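Visitor: For reference, the chains in residue letters:
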Amino acid sequence: DTGVSQDPRHKITKRGQNVTFRCDPISEHNRLYWYRQTLGQGPEFLTYFQNEAQLEKSRLLSDRFSAERPKGSFSTLEIQRTEQGDSAMYLCASSLIFSRPVHTGELFFGEGSRLTVL
Amino acid sequence: AQTVTQSQPEMSVQEAETVTLSCTYDTSESNYYLFWYKQPPSRQMILVIRQEAYKQQNATENRFSVNFQKAAKSFSLKISDSQLGDTAMYFCAFMNDFGNEKLTFGTGTRLTIIP
Numbered sequence: 001d002t003g004v005s006q007d008p009r010h011k012i013t014k015r016g017q018n019v020t021f022r023c024d025p026i027s028e029h030n031r032l033y034w035y036r037q038t039l040g041q042g043p044e045f046l047t048y049f050q051n052e053a054q055l056e057k058s059r060l061l062s063d064r065f066s067a068e069r070p071k072g073s074f075s076t077l078e079i080q081r082t083e084q085g086d087s088a089m090y091l092c093a094s095s096l097i098f099s100r101p102v103h104t105g106e107l108f109f110g111e112g113s114r115l116t117v118l
Numbered sequence: 001a002q003t004v005t006q007s008q009p010e011m012s013v014q015e016a017e018t019v020t021l022s023c024t025y026d027t028s029e030s031n032y033y034l035f036w037y038k039q040p041p042s043r044q045m046i047l048v049i050r051q052e053a054y055k056q057q058n059a060t061e062n063r064f065s066v067n068f069q070k071a072a073k074s075f076s077l078k079i080s081d082s083q084l085g086d087t088a089m090y091f092c093a094f095m096n097d098f099g100n101e102k103l104t105f106g107t108g109t110r111l112t113i114i115p
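So the protein sequences, as listed, match chains A and B.
Every letter in the first sequence is one number past the one before it in the numbering used here, and letter 28, counting from 1, is 28.
Every letter in the second sequence is one number past the one before it in the numbering used here, and letter 113, counting from 1, is 113.
In short, the hints are calculated from the structure, not lab data.
Certain hints may be false.
[Said to hold, decoys possible] Here's a subset of chain A near chain B, in silico, CB distances under 10 Å, partners left out: (1) V4; (2) G42; (3) Q50; (4) A53; (5) F65; (6) F74; (7) E106.
[To be verified] If you anchor each label on the Cβ, the simulated ranges turn out as follows: (8) B:F98 to A:R9: 39 to 45 Å; (9) B:A16 to A:K57: 26 to 32 Å; (10) A:R81 to B:N67: 45 to 51 Å.
As the structure is a computational prediction, the values presented were derived from the model and not from experiment.
All residues carry an ideal CB built from backbone N, CA and C; glycine is no exception.
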């Protein structure tokens with residue numbers, strides 16, 4: 001399977017603990033996105049990378065959240081001192097961008113990592 | 001900021017029938033892109049269809065077509081000859097032309113195809 005993979009698929013943790021999610025994008029994709037999806041809502045943008053550079057962060061991404069993509073391949077999303085409000089599905093997506101004005105808008109999503117904070 | 005509204009939280013239709021999902025959006029931009037994404041139960045989200053705002057012709061992809069009304073800021077999805085595999089959450093999404101390919105999603109419509 002050469003799609004976007006996320007690990008772990010489900011994480012249960014106690015409030016105050018740190019958690020880390022990993023995303024492996026489609027190998028040739030240069031852009032990687034993190035979204036958060038809560039029950040009954042559509043995905044909300046958190047941040048995105050082009051290669052290893054983090055180009056934009058949403059204001060939803062508080063100081064407790066940090067994302068990295070050290071070698072422009074896989075990415076990690078760490079949440080420190082988790083709160084119950086962090087419970088959500090964390091979606092990773094990737095895409096291949098050549099140059100403007102080429103826009104496809106097709107993001108390839110992983111199956112998500114579901115976080116439950118007790 | 002852009003907003004996307006899907007006013008139908010749930011819909012159901014008999015297999016082989018046609019169903020239309022509604023979406024409205026708000027933006028001050030003149031050029032942008034609109035999408036319908038499908039999220040099957042416990043599966044990843046996939047792109048169903050895409051529409052560029054500067055194109056007047058409505059996009060079609062096999063059994064899926066859109067009715068894009070730019071002045072009304074409306075973007076509905078029509079699924080013809082619905083199949084059991086069409087059962088999923090459907091999200092309408094907006095993307096501006098700024099080059100970041102950041103999507104703004106609606107809250108989704110849960111579509112159930114009844115055998």
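Visitor: Determine for every hint whether it applies to the structure shown.
Guide: Results of checking the hints against the structure:
The interface hint given for A:V4 holds, since its Cβ lies 7 Å from the closest Cβ of chain B, which is under the 10 Å cut-off. Interface restraint check for A:G42: the shortest CB-CB distance to chain B comes to about 3 Å, inside 10 Å, so the restraint holds. With its C-beta approaching chain B no nearer than about 9 Å, A:Q50 sits inside the 10 Å limit, and its interface hint holds. The criterion of a C-beta within 10 Å of any C-beta in chain B is not met by A:A53, whose closest approach is roughly 12 Å, and the hint is violated.
Hint status for A:F65 relative to chain B: violated, with the closest Cβ pair at about 17 Å, above 10 Å. A cut of 10 Å between beta carbons decides the hint on A:F74: the least distance to chain B is about 17 Å, and the hint is violated. The interface hint given for A:E106 is met, as the beta carbon of that residue sits about 5 Å from the closest beta carbon of chain B, less than 10 Å. At roughly 33 Å, the beta-carbon separation of B:F98 and A:R9 lies outside the given 39 to 45 Å, and the hint is violated.
In this structure the hint that B:A16 and A:K57 lie 26 to 32 Å apart at CB is violated, the actual value being about 46 Å. A:R81 and B:N67 have their C-beta atoms about 47 Å apart, which keeps the hinted 45 to 51 Å range intact.
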